[in-house]
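Colleague: Whatever position you read off the sequence shown (first residue = 1), add 16 for the working numbering.
Accuracy of the hints is not assured; some may be wrong.
Okay, the calculated beta carbon distance ranges per label pair [claimed, not checked]:
#1 50 - 150: 34 to 40 Å
#2 163 - 82: 16 to 22 Å
#3 176 - 24: 21 to 27 Å
#4 121 - 71: 20 to 26 Å
#5 204 - 80: 18 to 24 Å
#6 193 - 165: 19 to 25 Å
#7 187 - 112: 21 to 27 Å
#8 206 - 114: 30 to 36 Å
#9 112 - 195: 32 to 38 Å
#10 125 - 71: 16 to 22 Å
#11 156 - 23: 21 to 27 Å
The set of hints was computed from the structure by calculation and includes no laboratory data.
Glycine included, C-beta positions come from ideal geometry on N, C-alpha and C.
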Amino acid sequence: MIKIRYMGYVYLYTGTGAGKTTNALGLALRSVGHKHKVVIIQFLKWWKNTGEYKIRKILSPYYKIYQFGRPGWLKVDDKTGKVKYGKVTFKVRNVEELDREFARRGLEFAKKIMLKEKPHLLALDEVCLALHLNLLKVEEVLELIEKLPKRTDLVLTGRYAPKEIIERSDFVNEIIDVKYPKDIPTTKGVQY
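Kindly produce the complete structure, drawing on both the sequences and the hints.
Modeller: Here it is as structure tokens:
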């Protein structure tokens, strides 16, 4: 007889296309709709003017979001100076020990909150990019996955997911842009 598991799954959204965080936020919104506790940990992000950050007070106590990043860690290669997603190339600059410290703090915080609060959904947004930039070690993230409470689903996002994370995940989605207009700026409420 097959034993059905209802929670404790690992979902991975990776790839070079736009929408990885958006997919994770969709799962979060569904969970909150059922009055399930959601915790989002954002690596490398600091901007407080995003919809997912601004909505935290409205969705409280079911939705919590924490950011572990610093301003200025990336430069957007875009002649207009506007931040875009999709086909725009992001060039990282100034990756320093401080960025590693932020990432380490974020992962440690995720471990603590996962075991203490046992949320229904825990999202580690941009954790794969943090791994790609060598801000975290794959073994550290795998260790967190192994300690995942049975009633907590885990969502991992970010481009360049390492093969070990892909292999360990239960659901893997690779996001690609099939079509993306070049000259459309980011839109408040859609891309952020």
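Colleague: If a hint holds in the structure, say so; if it doesn't, say that too.
Modeller: Each hint tested on the structure:
no.: 1; hint: 50 - 150: 34 to 40 Å; in the structure: holds, 37 Å
no.: 2; hint: 163 - 82: 16 to 22 Å; in the structure: holds, 19 Å
no.: 3; hint: 176 - 24: 21 to 27 Å; in the structure: holds, 25 Å
no.: 4; hint: 121 - 71: 20 to 26 Å; in the structure: holds, 23 Å
no.: 5; hint: 204 - 80: 18 to 24 Å; in the structure: holds, 23 Å
no.: 6; hint: 193 - 165: 19 to 25 Å; in the structure: violated, 35 Å
no.: 7; hint: 187 - 112: 21 to 27 Å; in the structure: violated, 34 Å
no.: 8; hint: 206 - 114: 30 to 36 Å; in the structure: holds, 31 Å
no.: 9; hint: 112 - 195: 32 to 38 Å; in the structure: holds, 37 Å
no.: 10; hint: 125 - 71: 16 to 22 Å; in the structure: holds, 20 Å
no.: 11; hint: 156 - 23: 21 to 27 Å; in the structure: holds, 23 Å
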